[in-house]
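Build the full structure now, drawing on both the sequences and the hints.
Each chain, letter by letter, is given below.
There are 2 protein chains.
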Amino acid sequence: MADARAPIFDKVALIGLGLIGSSIARGIRTYGAAKRIAASDSSADVVARVRELAIADEVTQNVAEAAKGADLVILCVPVGACGEVARALAPHLAPGAILSDVGSVKAAIVAQVAPHVPAGVHFIPAHPIAGTEYSGPDAGFATLFQNRWCILTPPDGAEAEAMRKLSAFWTRLGANVETMSASHHDLVLAVTSHLPHLIAYNIVGTAADLEEVTQSEVIKFSASGFRDFTRIAASDPTMWRDIFLNNKDAVLEMLGRFDEDLTALRRLIRTGDGDGLFTLFTRTRAIRRSIIEQGQDTAAPDFGRAAPREE
Amino acid sequence: MADARAPIFDKVALIGLGLIGSSIARGIRTYGAAKRIAASDSSADVVARVRELAIADEVTQNVAEAAKGADLVILCVPVGACGEVARALAPHLAPGAILSDVGSVKAAIVAQVAPHVPAGVHFIPAHPIAGTEYSGPDAGFATLFQNRWCILTPPDGAEAEAMRKLSAFWTRLGANVETMSASHHDLVLAVTSHLPHLIAYNIVGTAADLEEVTQSEVIKFSASGFRDFTRIAASDPTMWRDIFLNNKDAVLEMLGRFDEDLTALRRLIRTGDGDGLFTLFTRTRAIRRSIIEQGQDTAAPDFGRAAPREE
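As they're listed, the protein sequences go chains A and B. Just so you know, we're using numbering that gives the first Met the number 0 here: the first sequence kicks off at 0 and counts up by one. Just so you know, we're using numbering that gives the first Met the number 0 here: the second sequence kicks off at 0 and counts up by one.
The reader is advised that the hints may include incorrect statements.
Since copy identity is lost for identical chains, a pair holds within one copy or between any two.
[Stated by the list, open to error] With a straight-line cut-off of 25 Å between C-alpha atoms, the simulated SDA-like cross-links for lysine to any residue are: (1) 247 x 270; (2) 247 x 44; (3) 34 x 6; (4) 219 x 247; (5) 247 x 153; (6) 34 x 151; (7) 219 x 145; (8) 219 x 301.
It is worth saying that the hints were derived from the structure and are not from the lab. This one's a predicted model, so the numbers in the text were calculated from it and none came from an experiment.
Pasting the structure below:
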């Protein structure tokens with residue numbers, strides 16, 4: 000039997016060294032997922048910082064150089080930049096190489112990237128469901144993907160061996176791998192991620208604009224619920240702009256449902272329907288329990304923030 | 000000078016021993032805020048459990064007994080129960096005693112409680128802005144109020160000495176005390192607490208009802224944003240039903256603003272206005288920074304849930 004910890008790839012090229020790219024680099028090293036790491040970023044500052052952090056074997060602003068000879072290339076740039084980056088590095092991809100990404104939308108990425116993929120290169124889009132509200136190469140860490148899900152959205156007829164290797168790579172980094180179509184992915188993420196972010200951005204904006212309640216009061220008394228939304232609404236603006244522009248239909252569809260439900264909830268309040276409110280508020284508790292049982296969140300009160308201190 | 004750690008009250012009666020009541024009991028003991036604690040709860044199970052936990056000196060189902068001889072009585076029951084409880088214990092309040100509460104709405108509590116308050120008793124409503132998503136006497140802890148705000152909404156002409164003592168009490172439990180009118184409190188909390196909870200309950204309900212995305216998928220991939228909302232939507236249903244029924248006007252007003260902003264945000268997405276989205280998403284980041292700077296939330300990524308583990 001092969002050594003379970005043998006490297007899965009010879010050379011992985013990471014294009015974009017933000018939170019996700021730099022976490023993948025650290026994960027590859029920590030879990031021995033590849034022999035070598037090439038890192039490329041369009042920002043000279045990021046390139047310099049990645050060199051200082053020493054989390055890759057080669058660091059360059061030149062995507063072609065990074066991609067050369069790589070058997071896995073992962074685009075870790077905002078969704079809106081994927082097409083352009085793919086175009087630039089396509090001629091330098093080795094035959095048999097796997098091209099993947101980490102974007103939060105998939106159908107739009109397929110539309111933008113697939114036309115550039117040379118014959119003999121396996122394009123398998125991926126989305127690791129992991130992150131924090133911080134950005135940049137310093138924000139990454141090797142365990143980011145532990146016990147998180149990574150969704151692969153292979154095109155029809157994707158090569159089995161390429162799928163196997165990419166799955167093994169993400170499993171090595173600690174993720175559980177799931178496969179689905181790009182369009183289903185976009186619908187699932189619209190409700191589990193894009194709509195929550197949209198709502199969070201919106202409510203933080205609403206609170207900032209009130210005349211009757213000052214911004215200083217909103218900040219002071221934020222521990223009563225509001226502060227949770229501000230964490231999500233502190234996520235990277237470029238990344239999220241691109242997500243909403245590139246998953247417009249699914250997001251607007253989910254927003255329509257949310258709005259319909261909100262109208263019904265508003266009516267319960269206006270008419271003073273206590274039983275209706277109680278029923279909804281009880282039902283939502285059960286979902287929280289399932290999320291904790293399945294290891295997707297901590298059971299600690301207040302996410303552990305309010306843990307009783309030593310007395 | 001008086002000993003800074005001298006008890007502030009002789010006997011504090013806590014009516015309702017859920018998360019907040021039981022945290023106050025523990026806080027009184029830990030920080031020596033009163034000589035004796037009487038605890039009363041309408042539930043025989045809670046009374047038995049509080050006896051086992053030994054967090055009060057007297058434990059009874061009888062509010063009159065608990066209130067007798069107390070120089071501070073705090074109602075820690077859901078907002079909708081405050082009027083009834085006040086009516087029951089009013090005849091047993093000692094002249095000069097302070098009657099307070101911890102409710103998340105204030106104008107409705109004043110309307111329900113004030114008519115029952117006997118002459119010579121100082122009624123000073125209060126709201127400690129603290130809590131977790133857990134309920135019941137086991138969920139409480141002594142440090143819950145540390146570095147949180149407690150808002151007092153004294154009626155016109157409240158006695159200065161009563162205000163001083165109640166402020167000192169909350170300060171002893173670790174809170175910062177602020178004073179404002181009941182109606183302003185209800186507006187501030189509508190935006191910092193009630194609207195966020197409403198939105199969270201709503202989105203969790205929306206996600207549970209989809210046909211195209213299964214509940215199992217929603218749970219599995221919840222780490223992408225959704226899970227944060229489920230924590231808030233796991234809060235006590237009775238408490239929250241009462242809040243929405245008793246702060247209807249302010250909640251509907253804030254919901255109207257939220258809805259207006261959401262319509263504008265939806266238009267940005269529909270028209271593909273990337274600059275508009277980027278501007279909003281950048282602005283909301285600044286508010287998060289202020290909340291962290293003012294000690295109202297942790298700066299740890301993902302509230303500390305995703306802290307890098309030992310490798």
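We went through each hint and held it up to the structure:
no.: 1; hint: 247 x 270; result: between (34 Å within a copy, 10 Å between copies)
no.: 2; hint: 247 x 44; result: neither (32 Å within a copy, 51 Å between copies)
no.: 3; hint: 34 x 6; result: within (6 Å within a copy, 66 Å between copies)
no.: 4; hint: 219 x 247; result: between (35 Å within a copy, 23 Å between copies)
no.: 5; hint: 247 x 153; result: within (22 Å within a copy, 49 Å between copies)
no.: 6; hint: 34 x 151; result: within (23 Å within a copy, 63 Å between copies)
no.: 7; hint: 219 x 145; result: between (35 Å within a copy, 14 Å between copies)
no.: 8; hint: 219 x 301; result: both (18 Å within a copy, 20 Å between copies)
Comparing the model with each numbered hint stated earlier shows that hint 2 is the single one that does not hold.
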